[in-house]
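Novice: So the chains spell out like this:
2 protein chains.
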Amino acid sequence: METVSTSKAHGGTLSVHAHESAATGTKMTFSVFVPPQAESGAKLPVLLYLSGLTCTHANVTEKGEYRRACAEHGIVFIAPDTSPRGEGVADDPAGAYDFGLGAGFYVNATQEPFARHYRMWDYVAEELPALVAANFPVDLSRMGITGHSMGGHGALTLGLTYPERFRSLSAFAPIVAPGQVPWGHKALGGYLGEDRAAWRAHDATALVEDGKRPAGAILIDQGDADGFLAEQLRPALFAAACEKAGVDVTVRLQPGYDHSYNFISTFMEDHIRWHAERL
Amino acid sequence: METVSTSKAHGGTLSVHAHESAATGTKMTFSVFVPPQAESGAKLPVLLYLSGLTCTHANVTEKGEYRRACAEHGIVFIAPDTSPRGEGVADDPAGAYDFGLGAGFYVNATQEPFARHYRMWDYVAEELPALVAANFPVDLSRMGITGHSMGGHGALTLGLTYPERFRSLSAFAPIVAPGQVPWGHKALGGYLGEDRAAWRAHDATALVEDGKRPAGAILIDQGDADGFLAEQLRPALFAAACEKAGVDVTVRLQPGYDHSYNFISTFMEDHIRWHAERL
Numbered sequence: 001m002e003t004v005s006t007s008k009a010h011g012g013t014l015s016v017h018a019h020e021s022a023a024t025g026t027k028m029t030f031s032v033f034v035p036p037q038a039e040s041g042a043k044l045p046v047l048l049y050l051s052g053l054t055c056t057h058a059n060v061t062e063k064g065e066y067r068r069a070c071a072e073h074g075i076v077f078i079a080p081d082t083s084p085r086g087e088g089v090a091d092d093p094a095g096a097y098d099f100g101l102g103a104g105f106y107v108n109a110t111q112e113p114f115a116r117h118y119r120m121w122d123y124v125a126e127e128l129p130a131l132v133a134a135n136f137p138v139d140l141s142r143m144g145i146t147g148h149s150m151g152g153h154g155a156l157t158l159g160l161t162y163p164e165r166f167r168s169l170s171a172f173a174p175i176v177a178p179g180q181v182p183w184g185h186k187a188l189g190g191y192l193g194e195d196r197a198a199w200r201a202h203d204a205t206a207l208v209e210d211g212k213r214p215a216g217a218i219l220i221d222q223g224d225a226d227g228f229l230a231e232q233l234r235p236a237l238f239a240a241a242c243e244k245a246g247v248d249v250t251v252r253l254q255p256g257y258d259h260s261y262n263f264i265s266t267f268m269e270d271h272i273r274w275h276a277e278r279l
Numbered sequence: 001m002e003t004v005s006t007s008k009a010h011g012g013t014l015s016v017h018a019h020e021s022a023a024t025g026t027k028m029t030f031s032v033f034v035p036p037q038a039e040s041g042a043k044l045p046v047l048l049y050l051s052g053l054t055c056t057h058a059n060v061t062e063k064g065e066y067r068r069a070c071a072e073h074g075i076v077f078i079a080p081d082t083s084p085r086g087e088g089v090a091d092d093p094a095g096a097y098d099f100g101l102g103a104g105f106y107v108n109a110t111q112e113p114f115a116r117h118y119r120m121w122d123y124v125a126e127e128l129p130a131l132v133a134a135n136f137p138v139d140l141s142r143m144g145i146t147g148h149s150m151g152g153h154g155a156l157t158l159g160l161t162y163p164e165r166f167r168s169l170s171a172f173a174p175i176v177a178p179g180q181v182p183w184g185h186k187a188l189g190g191y192l193g194e195d196r197a198a199w200r201a202h203d204a205t206a207l208v209e210d211g212k213r214p215a216g217a218i219l220i221d222q223g224d225a226d227g228f229l230a231e232q233l234r235p236a237l238f239a240a241a242c243e244k245a246g247v248d249v250t251v252r253l254q255p256g257y258d259h260s261y262n263f264i265s266t267f268m269e270d271h272i273r274w275h276a277e278r279l
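Going down the list, the sequences are from chains B and Y. Residue 1 is where the first sequence starts when you use full-length UniProt numbering, and the numbers rise one by one after that. Residue 1 is where the second sequence starts when you use full-length UniProt numbering, and the numbers rise one by one after that.
Hints in this document: simulated from the structure, not taken from any laboratory. One thing to keep in mind: the hints can contain errors.
For chains that are exact copies, the list does not tell them apart, and a pair is met inside one copy or across any two.
What the hints assert, rightly or not - Once the Cα atoms are required to be at most 30 Å apart in a straight line, the calculated DSSO-like pairs of lysine-lysine come out as:
| # | residue 1 | residue 2 |
| --- | --- | --- |
| 1 | K212 | K186 |
| 2 | K43 | K186 |
| 3 | K212 | K63 |
| 4 | K63 | K43 |
| 5 | K244 | K27 |
| 6 | K8 | K244 |
| 7 | K63 | K244 |
| 8 | K244 | K43 |
| 9 | K8 | K27 |
| 10 | K8 | K212 |
Model, not experiment: these values are computed from the prediction.
Full structure from sequences and hints, please.
Specialist: Given below as C-alpha cells:
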C-alpha cells in the first residue's frame, strides 16, 4: 500500500492511499481519516462512505465536512473510489457519466467487457475492510456503511446483504430501487445482463422484499429539491417495502436541499452521530 | 450581477455570482453564504475571506467548512477570486503560480502590463462590499476580513489600512512581510515596481511600523508543519512589530498542521467565532 498524501486535519490524520487491488485487478485509491482518539492505541469503529456517479475518493474527502464529527465521536472514515480505472478498463461506449468509469454501481459485473475489472462489490465488502484493518487502528466488528446516490445504493445493498459485517447503515439520497429506474436499468443491465432476476441482489427494495434484513435501523436523508428525486431515487419505494417487512427506516425529506455536497455536508454530522451511537 | 448557481446548505443559501467589475475591467466571480438568520429580514454582519495563490472563489467555498459556523453565528461569508481573469489580462511571462493569474496580491498594480486589470485592492476594499450590500442582507458597519496565505496578507493590509471598514481581523498562515520574502519581492516588484517605498503600504509588518492600527485585536493561526513557514510567511516578523507598537495580536502556532485546507478548515470555526464576537 502506497501513501499518496498525509495531512493533519481536525486533530487527526487525513491520508490518501493507493494499492494494487486483487478484486479489480487495478490500482485503487482511497482516503482515510483517523481521528485523534487513535493516539490512545485503541481500535476504533470505522465507517465506509461510498460515493456517487462521477466521483472519486476526493469529492467527499474535500467537500463532505465529516472530519470534525469523526474527531468528536472517534470514528475512522474510509472513502473508496467508485470504479476501477486505468489502462485496459472498459468504459461506457459513449463515455456517458452513468456507466463505466466513475460508475461501478458496487456490483461484480458478469458481462463482458466489464467482468474482469468491475468488481466493486467484492472490493468494498471484502478487500478494502481487510486492507484497512491491516493498516489502520480499526475494529472491524464495529463497521458501518453509508453513501450518496449510487453510493447510497451500494451502502443499502451491502448493508442488507451483510448485516453481520455492516453494523450500522445510512444513506444520502440513495438509488433505492435500481430495477425500477433508468440509472439502474442501464447499470444493472450492462454489468449483470438482461436477466432481471440477477438484479434483485443489487436492488435494496427487492432485497427487503426478498427477506434480507439490516443489522438495525436505517437512516435516509433526501433533499426535496433534488432533481433526481422523482425519476431516479424514489425513496418511497424503499420506505413502502420496509414498512411491509417491518424494517425500521427513517426517511427524512429535507426541504430545499438538492443532490450536491451542499446537501451531504449539511447532514453529515447527523449521520456520523447515527453510526457512532450504533458502533 | 448574474447568479451562476444557488444551493441550500446548512440551513442557509450558498450562491455563486459573476459581475462586470469596474475596478478590474473584467468579469469577476465570487461566492456568498447567507445564513438562515437572514429569513428574519435582519441585516447581518459580513466576513470577507481572501484566498491564497492559485485559488479562485471555489477552493474555500468547497473545502473551507465555514458554513456550519456561519449558520450558528449569523454571519454572511463572501469569497472573491484572487485576480482578474479573461482575455486581455496579462499573466506571469513564464506562467508561474505566484504572479499574475490567481496571484493578484490584493494591490492596485502601477506597472505595465498589469496596471489596467490588476486592481484587487480597490475591488476588495470598495467595489465588492458595495455590490454585496446592494444585493444581500448585510450591514457594512459590521464587516470583518480574513484570508489565507496571500489572502492573509490581503486581509492584514486592508484591515490595517481601513480599520473603520474592517471591524474585525484574522488570518490563516498569512504572508506578513512581503517586503522581506521571495513571494513578496516578486509580486510587489512586478505590480508596484522596484521602488520599495511603494511596497510599505502593502506589507502588514511595515504598516504597523509606520503607525497603522487595526480596529481591534488580530488572530493569526499558523501550522508549524507548513512548508512555507520559514521562507515565505515568517509570522514572527509581524508579531515583533506588533509587540513594539502595542498592537494586540495572537499568533497561534498549531502543531503538525500544513498549509492546506486541512489546516484552514480545522480552525475556521474559531475564526468565525472570533469575528462574530467582534461584529
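Novice: If a hint holds in the structure, say so; if it does not, say that too.
Specialist: Outcome of the hint check:
no.	hint	verdict
1	K212 / K186	within (24 Å within a copy, 65 Å between copies)
2	K43 / K186	neither (41 Å within a copy, 49 Å between copies)
3	K212 / K63	neither (33 Å within a copy, 38 Å between copies)
4	K63 / K43	both (26 Å within a copy, 28 Å between copies)
5	K244 / K27	neither (42 Å within a copy, 56 Å between copies)
6	K8 / K244	neither (46 Å within a copy, 33 Å between copies)
7	K63 / K244	neither (36 Å within a copy, 41 Å between copies)
8	K244 / K43	neither (38 Å within a copy, 49 Å between copies)
9	K8 / K27	within (25 Å within a copy, 36 Å between copies)
10	K8 / K212	neither (40 Å within a copy, 35 Å between copies)
In terms of the numbered hints stated before, the structure departs from hints 2, 3, 5, 6, 7, 8 and 10, listed from lowest to highest.
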